[in-house]
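Here the protein sequences line up with chains U and B, keeping their order.
Sequential numbering from 261 applies to the first sequence in this note's numbering.
Sequential numbering from 356 applies to the second sequence in this note's numbering.
Misleading hints may appear alongside valid ones.
Computed list of lysine to any residue pairs in SDA-like fashion (alpha-carbon distance at most 25 Å, straight line) [unchecked claim]:
id, chain 1, residue 1, chain 2, residue 2
1, B, K511, B, D475
2, B, K511, U, K302
3, B, K419, U, P275
4, U, K302, U, P275
What follows is a list of derived Cβ distance ranges for each label pair [what the hints assert, rightly or not]:
id, chain 1, residue 1, chain 2, residue 2, range
5, U, D324, B, H555, 54 to 62 Å
6, U, T296, B, Q615, 54 to 62 Å
7, U, D276, B, R753, 18 to 26 Å
The set of hints was computed from the structure by calculation and includes no laboratory data.
Built from N, CA and C at the ideal position, the CB exists for glycine as well.
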Amino acid sequence: MAQFAFLYRGGDPIPDSPAEAQQRMQRWLDWFADLTAKGYIKDRGFPLERAGATVAGSGRAITDGPYPEKDLVLGVTLVDAPDLAHASELARACPVFEQGGCVEVRPIRT
Amino acid sequence: MEPLEHLFRREAGRMVATLTRVFGVANLALVEDVVQDAVCRALETWKIRGVPDDPGAWLMRTAKNRALDRFRREQTARVYEAQVTRHVESEQALRAQVDEIDPAATIPDDQLRLMFSCCDPRLTEESQVALVLSILCGFSVAEIASAFLSRHEAVKKRITRAKAHLAGSKKLFELSDDDFAERLSSVQRALYLLFNEGFHGSSTDATVRAELCDEAMRLAALLAENPLTAKPATFALCSLMFLNAARLPARLEPSGDLTQLLDQDRSRWDQRLLCEGQRLLEASAMGKELTAYHLEAAIASLHMSTRDPQRTPWREIVALYDALMRVRPSPVVALSRALAIAQCEGAERGLLELHAIADRERLAAYPFYAAALGELELERGRRDVARAHYQTALTLARNPAERRFLERRIAACATDPDTPEK
């Protein structure tokens, strides 16, 4: 069994109504429930704030953004799966696509 | 905990009610913004982490913090200060007030006061209902438009105007004001309309309609729980809702088709709601006032008093419809009365009553007037006339369930073996 990080990128527009937010969340909870029941979830992981700081350059300058609105990593989950193909197949059912986002599937080195 | 499926909508309504009390109705827009922010944050966090043990408290805490942030920022901009200072003297006082928010203690009261504020008699009944759905129930414009088969733009305009009117009030409605009684009947009426839209309404989506009924019952229960609003008419209204809701599982077949009251599988009625409805009807029988809610609840109760539809006490039901026509006459009530008369005195007499309904042109677009004509014509054997009426009804049907129901009745005109051709 290998380990993978699912990086959720983009795809988080503001829901039109509480009911829509509810439906969206439900699809994520269902997806996680399914993967959990099948033993794939190592760690549900965590969501990330959009805002933060970047430290960069030889001067190690600290800046707060700007961040690319698209493709920003908004969360991480750790998944156990036999191989990359299998892990990618699991990611295909992720609800992030419904809102135009994507999942980056990255093998974790050991 | 409440079922998760309504969590965001219900909590949004609660947060708006409580924060509106603290920040004042003048800041309704700010309050709605921070509540939406809180819901977004919850979605983004919980979708990965899962739902926390007390989601309501999480949301309220988040909304409170966002509200204070916004207030601090906008206070410097001096946009909200003028209005807010009427309610709170300084940010510190505001913070203290926000910190004191104790959901368990104040939310029912906050919701009640906001409900009374929404049901301002100067607004049309449609606007009051739309406002309640938008502010207290967390429905979007699209969802309200779909529930009422109205155009999106029209609903949006109606809600925007109604909110502007509401924000113009100095403060939330005081439950002990002089015009309280008038307001209470407006609130009852709005909840009655809300429930009816779910129960008889035109939306094609059965879940939407069940939600409208649920919301009406939830808000009506708030009225019944508060000593100020727990009046006989409130109990009668609640009774009416419970009794009708008890029939919902049997009213819509699994396929979403409407089932006529007399053909329903009565074992599928919800016994708990039925008992609660009967209890509330008894509780409503005090005081001097006999409202339309009392009469409608009594009619529903008689319909449900027997497992055998053949033993329905039609004469008593007709007498109640007679009374209802005196209290709140309408062509729809007259239609139901005519059908009850047909049960006692035969189809001929029922048809006479149907043709004699005053204002029956107001039923011209209502499929069940033509359907009632069809039903009684079929009963007295005039199949071709009956079929023509059902076909008229079919052209007026508002959703697939109504269409399927009417198609079945048209088929019955051709094949009903109990009805000899005359």
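Quick rundown of the hints versus the structure:
no., hint, verdict
1, B:K511 <-> B:D475, "holds (18 Å)"
2, B:K511 <-> U:K302, "violated (46 Å)"
3, B:K419 <-> U:P275, "holds (20 Å)"
4, U:K302 <-> U:P275, "violated (29 Å)"
5, U:D324 <-> B:H555: 54 to 62 Å, "holds (56 Å)"
6, U:T296 <-> B:Q615: 54 to 62 Å, "violated (46 Å)"
7, U:D276 <-> B:R753: 18 to 26 Å, "holds (25 Å)"
In this structure, the hints that do not hold are numbers 2, 4, 6, in rising order.
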